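Following the hints, complete the assembly by docking chains D and P onto the known chain S.
These protein sequence lines map, in sequence, to chains S, D and P. For what it's worth, the UniProt record's numbering labels the leading residue of the first sequence as 1, then goes sequentially. For what it's worth, the UniProt record's numbering labels the leading residue of the second sequence as 1, then goes sequentially. For what it's worth, the UniProt record's numbering labels the leading residue of the third sequence as 1, then goes sequentially.
For the record, the hints were derived by calculation from the structure and aren't laboratory data. Misleading hints may appear alongside valid ones.
Said to hold, decoys possible - Lysine-lysine pairs mimicking DSS-like chemistry, simulated, CA-CA at most 25 Å apart: (1) S/K150 with D/K246; (2) S/K199 with P/K5; (3) D/K34 with S/K119; (4) S/K238 with D/K233; (5) P/K85 with S/K4; (6) S/K150 with D/K34; (7) D/K34 with S/K238; (8) D/K310 with S/K241; (9) S/K274 with S/K317; (10) S/K4 with S/K199; (11) P/K66 with S/K199; (12) D/K246 with S/K4; (13) S/K84 with D/K233; (14) P/K58 with S/K192.
Source: prediction; values computed, not measured.
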Amino acid sequence: MQKKVAITGMGIISSIGLSVEENFQSLISKKSGISNLENIQTRHASEIKVGEIKITNQELQQLLNLPEENTFTRTGLLGAYAAKKAVESAGINDINEFRTGLISSTSVAGMDFTEKHYKKYEEHPEYQKYIQSHDAGDSSNKIANYLGLKGFVTTISTACSSAANAIMLGASMIENGYLDRVIVGGTDALSKFTINGFKTLMILSDTYNTPFDNDRKGLNLGEAAAYLVLESDEVIEKSNKKVLAYVAGYGNANDAFHQTASSENGEGAFLAMKQAFEKASIRPDQIDYINVHGTATPNNDLSEGRAMSRIFNNVPKFSSTKAFTGHTLAAAAAIEAVYSVLALQNSTIFPNLNFKTPMEELNIVPETEVVQTEINHVLSNSFGFGGNCSTLIFSKS
Amino acid sequence: MKNCYINGIGNVSIQSVDFDLFESEITEIQILNKAQQPSYTDLIARAMSRRMAKGVKMGIFAANKALFNAKMVDPQAVIVGTGLGCIEDSEKFLDAIIENDEQFLTPTAFIQSTHNTVAAQIALHLQCKAYNFTYVNGANSFESALFDAFMQLKHFNKENILIGGVDEIAPYTFSMYEMIGKVKQSGEEVNFKDPQTKGIALAEGATFFALSNNKTNNSYAEVLDVMLFNAFKDDEATEINTFLAKNNISVADLDVVFFGVNADAHQQEFYNKMNAVFSEIPQGYYQHISGSYDTASAFGLKVAAEIIQKQQLPKAVQYNNIEPNKIEKVLMINQFNNTDFSFVLLSKC
Amino acid sequence: MDALKQELKERIINALNLEDISIEDIQDNDPLFGDGLGLDSIDALELIVLLDKEYGIKLADPKQGKEIFQSVETMAQFVAANRTK
Chain S
1 MQKKVAITGM GIISSIGLSV EENFQSLISK KSGISNLENI QTRHASEIKV
51 GEIKITNQEL QQLLNLPEEN TFTRTGLLGA YAAKKAVESA GINDINEFRT
101 GLISSTSVAG MDFTEKHYKK YEEHPEYQKY IQSHDAGDSS NKIANYLGLK
151 GFVTTISTAC SSAANAIMLG ASMIENGYLD RVIVGGTDAL SKFTINGFKT
201 LMILSDTYNT PFDNDRKGLN LGEAAAYLVL ESDEVIEKSN KKVLAYVAGY
251 GNANDAFHQT ASSENGEGAF LAMKQAFEKA SIRPDQIDYI NVHGTATPNN
301 DLSEGRAMSR IFNNVPKFSS TKAFTGHTLA AAAAIEAVYS VLALQNSTIF
351 PNLNFKTPME ELNIVPETEV VQTEINHVLS NSFGFGGNCS TLIFSKS
Chain D
1 MKNCYINGIG NVSIQSVDFD LFESEITEIQ ILNKAQQPSY TDLIARAMSR
51 RMAKGVKMGI FAANKALFNA KMVDPQAVIV GTGLGCIEDS EKFLDAIIEN
101 DEQFLTPTAF IQSTHNTVAA QIALHLQCKA YNFTYVNGAN SFESALFDAF
151 MQLKHFNKEN ILIGGVDEIA PYTFSMYEMI GKVKQSGEEV NFKDPQTKGI
201 ALAEGATFFA LSNNKTNNSY AEVLDVMLFN AFKDDEATEI NTFLAKNNIS
251 VADLDVVFFG VNADAHQQEF YNKMNAVFSE IPQGYYQHIS GSYDTASAFG
301 LKVAAEIIQK QQLPKAVQYN NIEPNKIEKV LMINQFNNTD FSFVLLSKC
Chain P
1 MDALKQELKE RIINALNLED ISIEDIQDND PLFGDGLGLD SIDALELIVL
51 LDKEYGIKLA DPKQGKEIFQ SVETMAQFVA ANRTK
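The shape of chain S in the complex, shown without the other chains (with noise of 0.2 Å):
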């Protein structure tokens, strides 16, 4: 008998707050997180709108209470915020009390210091202690130090989907008895290797994101981080615990069309979508809200709202929260998560801003406004570069 998988904590750190509930007030509110940039030097600063968290590195450590003498990069310090928020909120004190783990995501990992440091190394063997913290798996082993966690602990990079399927892993463990508890989630720190990146690929818009949106003009890059914690049903017996939510559903596929574009008919996302619906053995016309991928670009948005249209015979209400954070990347669909359980919680959809004009291939319109309705079940979609598609389902607890 598999495991129901519950999420008993959260925590998140946005350039919409710095806590789930600053998060929640600036959806209701309609406060966008996207500004200028002003933490990193680039030539490009003002031609590109992020969604920045305004807290320098030296403030995130104090917050942690880090000795000076650490080797966190930005990614790092990101992930052990949301991560340790995301523990005290379950109200775990021993946090290796039961077989626990920590699946994180990151694609950027230590590149913010990496490329301020690059070829600076040799003169500056003061920078060298950076050198070990540019891998992906050191942010996680950072994080799981910081939580004094001894256990399972790997990092998955599938680009703009990691998050999701760390999430995935996690339902997965618990589900078949590998582990307890598990810690899942992203971090990603703005850097200027992907600012530039994405310019190449020119995909970054010039102003505010306008997802779904006929004119949309590319995407804003944000930083973020945010983790859940996920519980099986004994652990949550022994401690008689609050759900916030359940995992339900998931769904991983491969577009397998091109190395960074989405297909016409958005196959990878209409396969994962269609897994997720069977995992959780509900029906398409069951969920209340999607939270869509929804980055803006006129490739996604085409892709994802073809997939959508296929298999939904109604599109359910739908919108996209990344005019409010930019996109986080790897932490995207982990932010999105909590925005989902959120959405459960309070029985609210989110609005999708800076929506003029629908699209001319598709008869889909995103929420535009705060909308109360009763929500049992809200799909999450996640795309990366690669052709990697992920849906989760959350269900009310």
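Below, chains D and P without anything else, positioned relative to chain S:
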């Protein structure tokens, strides 16, 4: 409960392209060891390969070999572990950012620099729309992929899975490693049995496996269990015994234990402890053949699977002087710098 | 114009790493994408950078490339008319 068999293996390593563990002479390890590249022209169309990073080509080659070896055509998952992904393209893109002050940058290097590019391009190459994951957790990146496949085969409706480990060398990364002593300094001896200096002998490669529920004539071994963790909760011996006990065996039942020894005097301390735990057991090693990199343990699994199938432990991979009289249960132990630990338990099938 | 076309062919081969193709293999009116040289959308982005770097022409929208990159002929005409260096 369904089983997890290793039915096919494919590999690109620093050894000759047709390297055979039981027959070939082993090329002696250096401080920096580049993989011997096979010819890719038959396998990958020029239109595709012109943009491919070395790691992608090695990965596609090893993946195809593994599938061919197992006569497997449509895996229901592609799962890859890599420490750093295609790091050479990350360097290229960073170099270009600096040299041209963020101007005239092109997308190819950026695309290849994303960690999931190998798994993604294998999916593209095979036109495989199935489950696709990439793990990036240092020295147990490959074991993460192996664990996921193991769980998928046991509990999900999947019959055939392709997994692999791949990492490549890049020039500036190597020089950074020299600065921090992660690799051996020029002129230092590379000694796996009694290392006197710190640092590893860096290498690169790709090793892929076709795993299946179904036992075939070509099955090398069965994967009985996989465990990975960041730190020991208890003392090492206790945790090893607990892991083995979970699988109804004890240390004395093991026929061979493989260590991921990497010629680093600092890291040898851990393996000295292992040596004490397994002092009565035949011991093996493999990084003197593969060189050391985050996913070298995938090469280790290839060696272990081959000795199980052949029932023969060649002198060249023996770490102590105890000869096995049969090879049925094999344990692999790996780590890097006292974290990213993994245990992999194999059985004759 | 002929010199420009030769130059473009050379630069396309280099920028896109078309190792097994020589200048003589590309006819002025051969389609670059699809059935012709078989280039794809990533190549189009590479060519946009080529225009910027070598001829000082900036394209804001990748869709513009569709017309310009039909063939070496169309590319040469566009470059001749718009180059700033």
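Here is what the structure says about each hint:
1. A threshold of 25 Å between alpha carbons decides the hint, and for S/K150 with D/K246 the separation of about 19 Å falls inside it, so the pair holds.
2. Among the hinted pairs, S/K199 with P/K5 is inconsistent with the structure: their alpha-carbon atoms are about 28 Å apart, more than 25 Å.
3. Straight-line distance between C-alpha atoms of D/K34 and S/K119 comes to about 23 Å, which keeps the hinted pair within the 25 Å bound.
4. Note on S/K238 and D/K233: the hinted pairing holds, with a Cα-Cα distance of about 22 Å set against a maximum of 25 Å.
5. With a C-alpha separation of about 65 Å, the suggested pair P/K85 and S/K4 falls outside the 25 Å cut-off, and the hint is violated.
6. The hinted pair formed by S/K150 and D/K34 fails the criterion: a straight-line CA distance of about 35 Å is larger than 25 Å.
7. A C-alpha spacing of about 54 Å is found between D/K34 and S/K238, which places the hinted pair above 25 Å, so the restraint is violated.
8. Between the alpha carbons of D/K310 and S/K241 the distance comes to roughly 53 Å, so the proposed pair goes past 25 Å and is violated.
9. Between S/K274 and S/K317, the direct Cα distance comes to roughly 18 Å. Compliance with the 25 Å bound is thereby established for this hinted pair.
10. Distance check on the hinted pair: S/K4 and S/K199 sit about 42 Å apart at the alpha-carbon level, beyond 25 Å; violated.
11. With a C-alpha separation of about 19 Å, the suggested pairing of P/K66 with S/K199 holds against the 25 Å cut-off.
12. In summary, the hint linking D/K246 to S/K4 is supported, as the alpha carbons are separated by about 24 Å, within the 25 Å threshold.
13. At roughly 20 Å between alpha-carbon atoms, S/K84 and D/K233 fall within 25 Å of each other, so this suggested pair holds.
14. Straight-line distance between C-alpha atoms of P/K58 and S/K192 comes to about 21 Å, which keeps the hinted pair within the 25 Å bound.
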